[in-house]
Amino acid sequence: MQTIMVGYLEILCGVTALLLALYYYFMSVFSFWERLEVPGLKPAFFIKNIFNIYTMRLPVSLYLQNFYEKYKNERMFGFYLGRSAILILKDPELIKDVLVKDFSIFADRGFIVHERTEPLSLHLLNLDIRRWRPLRRQFTPMFTSSKLKNMFEQVLECATHLEKHLDKLAARNEPVDFRDIAAKYTMDVIGSCGFGINVNSFSDEESKFYKIGTEYFGVCLENMIRLKLRLYATKLYDWLGYIFPENYYAPFFANLVTETMRYRKEHDIYRPDFIQMLMNMKEHPENLDDIELTDALITAQAFIFFAAGFETSASTMSNALYELALNQDIQDKLREEIKEHYAKHGGDMKYEHVKGMKYLDKVFKETLRKYPVGGVLTRRSACPYTFRDTKVTIPRRLLVFIPVYAIHRDPDIYPNPDVFNPENFSEEAIEARHPMTYLPFGDGPRNCIGARFGLFQTKVGLIATLRNYKVDVCDKTMIPYEFDANTFLLTAKGEIYLKLTKLEA
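No gaps in the numbering here: position 444 of the sequence shown is 444 in the UniProt record's numbering, and each next residue is one more.
The hints are simulated quantities; they were obtained by calculation from the structure and are not laboratory data. A couple of the hints might just be wrong.
What the hints assert, rightly or not - The calculated DMTMM-like cross-link candidates involving lysine to aspartate or glutamate, where the alpha carbons are at most 25 Å apart (straight line), are: (1) 70 / 108; (2) 470 / 97; (3) 164 / 428; (4) 391 / 37; (5) 470 / 418; (6) 470 / 482; (7) 365 / 389.
To be verified - Restraint-style ranges between C-beta atoms, simulated for each label pair: (8) 263 / 504: 42 to 48 Å; (9) 352 / 204: 28 to 34 Å; (10) 495 / 383: 45 to 51 Å; (11) 336 / 479: 22 to 28 Å; (12) 112 / 271: 33 to 39 Å; (13) 358 / 495: 28 to 34 Å; (14) 355 / 332: 21 to 27 Å; (15) 287 / 205: 37 to 43 Å; (16) 390 / 481: 35 to 41 Å; (17) 146 / 445: 48 to 54 Å; (18) 104 / 419: 38 to 44 Å; (19) 266 / 478: 48 to 54 Å; (20) 259 / 204: 34 to 40 Å; (21) 291 / 271: 23 to 29 Å.
These figures come from a predicted structure and were not determined experimentally. For every residue, glycine included, the Cβ atom is placed at its ideal position computed from N, Cα and C.
Hey, can you work out the whole structure from these sequences and the hints?
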């Protein structure tokens with residue numbers, strides 16, 4: 001009997017010691033902001049804290065907005081995500097220091113590359129500064145105005161397919177899911193301009209390109225678990241990544257890139273697109289400094305061009321149409337500008353004409369103010385850093401978040417921020433604001449490399465839709481708008497249904 005009691009006591013002591021160790025492990029970090037004298041959230045008990053993170057019913061961007069308002073008069077505040085202490089910057093001057101002035105210290109985005117469990121994560125957005133810099137230098141020429149101008153006819157062809165499909169949908173007199181329409185249009189553009197492929201998303205429902213895009217960004221249990229682990233438990237994700245069913249994204253893109261390169265080389269084909277740029281890089285590795293251009297690295301760059309160009313532009317285009325359906329006066333004004341440009345140029349449309357549509361530009365920018373796809377910018381410090389005019393010194397490798405969504409919805413910066421108002425981007429309004437209060441594409445050397453391409457394809461899609469069609473809300477329209485809490489990007493929860501009407505010529 002005594003032996004049994006001793007055994008139970010040993011087990012009890014062991015369990016108690018384990019619980020105390022776990023408590024210390026999770027709670028030891030929670031005095032961090034107090035030590036740095038930075039205002040911050042009082043952490044919940046570690047089990048509650050973890051539960052809150054993994055069952056979060058809001059996207060991180062909206063979650064941060066609540067605290068942004070709570071610390072309204074602070075230049076920065078501290079935050080805990082799991083065990084990670086994260087600094088949230090609010091002051092535009094401090095944001096400028098991080099993104100631009102002291103970029104060399106904050107060049108790292110703080111994302112983790114999972115080379116074994118997720119080889120597609122080896123892309124430009126995630127890479128460390130050593131590998132990022134030479135790749136960025138090689139990719140930049142593809143997104144110049146002259147290169148975009150050369151792609152214009154390809155984009156127009158995709159817009160023509162869009163218009164033909166809209167004709168069929170308008171004749172049915174049924175609600176139209178414009179998230180799906182925008183996704184198919186942008187998929188066609190990405191396939192043509194990036195890979196030299198006619199995707200034909202509107203006519204080919206079994207298009208592999210389209211299926212991969214919708215599946216990768218779709219909401220399902222596996223994607224949700226992957227996302228939570230990738231963001232909040234990166235080491236655990238590296239350990240557990242192998243237990244997830246193997247997806248076919250990596251093999252698909254590896255085969256696509258390899259076969260396209262082989263075919264072009266054998267037939268001496270040259271196209272000014274993304275695949276050609278990858279071919280040039282492979283033929284001239286000396287331009288990449290000392291980094292090894294592996295097949296996995298090449299495949300990951302092809303993937304991110306596909307993924308970033310597809311989802312961000314599709315969301316922006318469908319969100320713009322959603323707001324235009326709610327605001328008919330703005331839609332009418334934009335359509336009038338589009339028709340004036342067509343009339344002025346004899347029914348023709350050129351790259352320069354799109355750039356010349358000032359009101360379209362305002363609508364595009366206001367859409368990204370209200371619905372920034374990247375609702376949070378992230379950076380990681382490379383060394384200890386003291387913020388100017390403060391006594392705050394952060395340690396090496398601390399994560400810094402810039403709450404783009406919260407800034408864009410700040411009523412002190414944008415009056416009536418929930419109202420869709422393109423005049424927020426009049427010349428006078430822009431001049432009156434700090435430039436770091438509008439960050440849909442980030443800023444500084446590590447801003448979004450494909451911003452101009454995204455702007456370009458989205459505007460052409462809007463022109464094609466609004467020139468001959470009217471969009472209205474209908475019984476199936478999501479009102480009010482809701483964001484999906486289970487995706488990394490800030491996107492709509494569910495479909496965006498609108499009524500589509502063909503206008504008389």
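Evaluated hints:
no. : hint                  : in the structure
1   : 70 / 108              : violated, 28 Å
2   : 470 / 97              : violated, 44 Å
3   : 164 / 428             : violated, 39 Å
4   : 391 / 37              : holds, 8 Å
5   : 470 / 418             : holds, 23 Å
6   : 470 / 482             : holds, 23 Å
7   : 365 / 389             : violated, 32 Å
8   : 263 / 504: 42 to 48 Å : holds, 46 Å
9   : 352 / 204: 28 to 34 Å : holds, 33 Å
10  : 495 / 383: 45 to 51 Å : holds, 47 Å
11  : 336 / 479: 22 to 28 Å : holds, 26 Å
12  : 112 / 271: 33 to 39 Å : holds, 34 Å
13  : 358 / 495: 28 to 34 Å : holds, 31 Å
14  : 355 / 332: 21 to 27 Å : holds, 22 Å
15  : 287 / 205: 37 to 43 Å : holds, 41 Å
16  : 390 / 481: 35 to 41 Å : holds, 37 Å
17  : 146 / 445: 48 to 54 Å : violated, 21 Å
18  : 104 / 419: 38 to 44 Å : holds, 40 Å
19  : 266 / 478: 48 to 54 Å : holds, 49 Å
20  : 259 / 204: 34 to 40 Å : violated, 19 Å
21  : 291 / 271: 23 to 29 Å : holds, 25 Å
When held up to the earlier numbered hints, the structure conflicts with 1, 2, 3, 7, 17 and 20 and fits the remainder.
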